[in-house]
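S.K.: Let the hints inform the model, and build the full structure from the sequences given.
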Amino acid sequence: MSDIMTAKDLNLWYDQTQALKNVSIKIPEKSITAFIGPSGCGKSTFLKTLNRMNDLIPSVKITGEVCYNGQNIYDSSVDVNELRREIGMVFQKPNPFPMSIYDNIAYGPRTHGIKSKVKLDEIVEQSLRDAAIWDEVKDRLKKNALGMSGGQQQRLCIARALAVKPKILLMDEPTSALDPISTSRIEELAIELKKSYTIVIVTHNMQQAVRISDNTAFFLLGELIEYGETEKLFSQPVDKRTEDYITGRFG
Amino acid sequence: MLNKKRKAYTIAMKAAMYISTGLTAALVIFLVAYVFVKGIPHISWELLSTKPSYISGRIGILPDILNTLYIVLATLIFVIPLGVGAAIYLTEYAKNKKLVGIIEYAAETLSGIPSIIYGLVGMLFFCQFLGFKTSLLAGSLTLVIMNLPTVMRTTQESLKTVPQSYRDGAFGLGAGKWRVIRTVVLPGCVDGVITGCILSVGRILGESAALLFTAGFAHALNGIFEGLTSPGASLTVALYVYAKEQGEFGVAFAIAAILMILTLLINFSATLVSRYFAKKREL
Amino acid sequence: MKKNKTIERAIHGVFLILGLLTVGCVLLITIYLVISGIPAIAEIGLFDFLFGTEWASTAAEPKYGILPFILTSVYGTAGAILIGVPIGFFAAVYLSKMANQKVKAFMEGAVSLLAGIPSVVYGLVGMLVLVPAVREIFDIPDGASLFSAIIVLAIMILPSIIKVSMTALEAVPKEYEDASLALGATPVETYFRVSAPAAKSGIAAAVVLGVGRAIGEAMAVMMVSGNVPNMPSLFQSVRFLTTAVASEMSYSSGLQQQALFSIALVLFLFIMLINATLNFFLKKEKD
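Residue numbers (this note's numbering), protein chains in the order written: chain A, 2 to 252; chain U, 64 to 346; chain R, 927 to 1213.
If you are wondering where the hints come from, they were derived from the structure by calculation, not from laboratory data. Note that this is a predicted model, so its numbers are computed, not measured. Even for Gly, the Cβ is constructed at its ideal location relative to N, Cα and C. You may find that some hints are simply not true.
[To be verified] Just a sample of chain U residues kept apart from chain R, beta carbon distances all over 10 Å, derived:
no. : residue
1   : Leu-125
2   : Leu-129
3   : Leu-136
4   : Lys-223
5   : Ala-233
[What the hints assert, rightly or not] Only pairs whose alpha carbons sit at most 25 Å apart, straight line, appear in this in silico SDA-like list of lysine to any residue:
no. : chain 1 : residue 1 : chain 2 : residue 2
6   : R       : Lys-1089  : U       : Ile-82
7   : U       : Lys-70    : R       : Pro-1123
8   : R       : Lys-1023  : U       : Ala-71
9   : R       : Lys-1126  : U       : Tyr-81
10  : R       : Lys-931   : U       : Gly-235
M.R.: As structure tokens, then:
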């Protein structure tokens, strides 16, 4: 499997504080990569550098490079909007827009210039089906999305991200606000989606990383400590700090 | 790359935002500059310190300055206790949610009523029905009603920041409700009262329509007690009369410049005070 | 002990009265306007009063039709909204979402100043700058017109529109905006397609507040609108509901004065309707 995304010597500062130190990583295509580590370790920050969501914070400074399909995404010639379209994101807290379910899904395609009603209907249905929520919502597409349960909202957000046909889906602790049943549905969905998408997921839940991911990266204090196949990382960690963390000695 | 349509949209929206903001800024700068340029040369010690005299053809705005001052003082003296009392009732006594809702709706309604209507009702009620005639007092009482919601709201806001535990502590010591209010609640509303005063003074200084038929147009020089019972023009009303009926634009602009300076001062002190209170609350 | 209770009760009573003061004031205003406004309407006839197109209160055979005033107020307000709302809205979006701290602080000060400037000052500047300019530019005999009044009103409602819209826009959760950006929308697209719709009740409240301000303004429009009871037309002198009351009150008596009270009653009803609408949007915004 080829690597769809690579980072090389990535450093990131918030004003004076360095939040990421020399992170280098290769993320293989059509797999699930999990980022774990104690809170404040930089895993979410790193995730956000992958589709340049950190650009929105004025005090952030970044050095090093992140390549997507061989192209450095921090290069000045890169259109960040096009980039974010290819690298979608699902957030910690479900954040549907205060609009109808249909308009939520159609928002992305419309933004990117799709106007035809037929085409939009098709995309909405397909995205909702892909996110395994179609049957639950097909009769109330015109209802406000804020009326759904938290788990449904999160799957709606996944469907919304899928609607612009991304290649990669970044998930920032997508289940931390959800109950166990909704969580397991999202996990099943992630495994299903990896057939066609590359998924990078930040999780504070190590069982979740074990259950769904192919590769796991362990972050500590802004550094990538260890990265490898999930099974191997959890059974025979190389670094002492990884071992301490996964055996629950800190964090 | 963004397609042409999206690019055009972004540029158009950005342009609209820049133009709108720039226009607003330009407008404010123009207004301030124009009023100052036209008004300040006409401000003289003679203008500020004398009353108008038809015999010598002199115009002085001292009576209008004093009238404004009297109106501000009289209004505040009435509106503070009333507004604070209303706020205390709402936060400390009222248990019935419906009643609170009605009172707050009434306050909202009062702040939405145009000043000309206040002027009219003030004229009917204070000048005619209560027999105060056209006088600064009648004008002030009209302004009391106008500013009641403001003082009430700012006091309410500051009372909300008095921790419930203070009240509980005082009650726990066996203090009666009135004692608790006097010792614990009232000191907590100083912030709100001051903010309310500043906002009210701003509104009083700028008010004209409500004073036209309640306080009148006279330019007589009076002491405060005599002044309150006789008619008199505030600075704003004087501006209106000089500009619209007498064509004395120099004087009108001088008054406008004075009002502008006062508005600036009030805005400035409101910002300072709110910053100071925000800091105090953090501690 | 017993004495204490009586005192407490008395104090409670005093505060109750103070609390009910606002309600009392609203009732007082309503009752006074209704009582003093009805007689003239009864005498003139509701239909002739509201839909009469001619106001000639001092003529030998006086006519009391206030349709010109109603329409002028409605058109004037609509015009002010049409000009003021877009400017205020775009400025609010810029200031709440894009402007840097310095620009924002300066503009907030500027907008507060705009809100604090007395209406007679707007009237004065309007009279001496705007009215002559309108006369020159549009080549009309008198610049004191509905058009001039609309411009002044548009400026006067700007601060409310900007402030209230900004508050609403700033309250939009950042999560909405992040989601939109992550879908590849540009920041500008995000502000107008996600943030603004999410803040729509607040923005609607801002517009309604502007309507209330515009329809209730008296002194500034009195100084720039020419104050002639014509049926409204953009470049003619006109008279608003507010200025109709203000301009004749000082010398009126009898039926003429009563008719002015009736005009105030009509204005009051407009305002009550606007207040109810405003309250509706504010409640919605809170939820």
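S.K.: What's the verdict on Lys-931 (chain R) and Gly-235 (chain U), does the C-alpha distance respect the 25 Å limit or exceed it?
M.R.: holds, 17 Å
S.K.: Does the no-contact call for Leu-136 (chain U) survive, Cβ to all of chain R over 10 Å?
M.R.: holds, 19 Å
S.K.: Is it true that the CA of Lys-70 (chain U) sits at most 25 Å from the CA of Pro-1123 (chain R)?
M.R.: holds, 21 Å
S.K.: Beyond 10 Å from every Cβ of chain R: is that where the Cβ of Leu-129 (chain U) lies?
M.R.: holds, 18 Å
S.K.: Using Cβ atoms and 10 Å as the threshold, tell me whether Leu-125 (chain U) really stays out of contact range of chain R.
M.R.: Leu-125 (chain U) is indeed farther than 10 Å from all Cβ atoms of chain R, at 19 Å.
S.K.: Taking the minimum C-beta separation from Ala-233 (chain U) to chain R, is that value above 10 Å?
M.R.: holds, 14 Å
S.K.: Are the Cα atoms of Lys-1126 (chain R) and Tyr-81 (chain U) separated by 25 Å or less?
M.R.: holds, 21 Å
S.K.: Quick one, are Lys-1089 (chain R) and Ile-82 (chain U) close enough, alpha carbons at most 25 Å?
M.R.: holds, 18 Å
S.K.: Are all C-beta atoms of chain R more than 10 Å from that of Lys-223 (chain U)?
M.R.: holds, 16 Å
S.K.: Take a quick look at whether Lys-1023 (chain R) and Ala-71 (chain U) sit within 25 Å of each other, Cα to Cα.
M.R.: holds, 20 Å
Consistency with the previously given hints is maintained throughout, with no hint failing.
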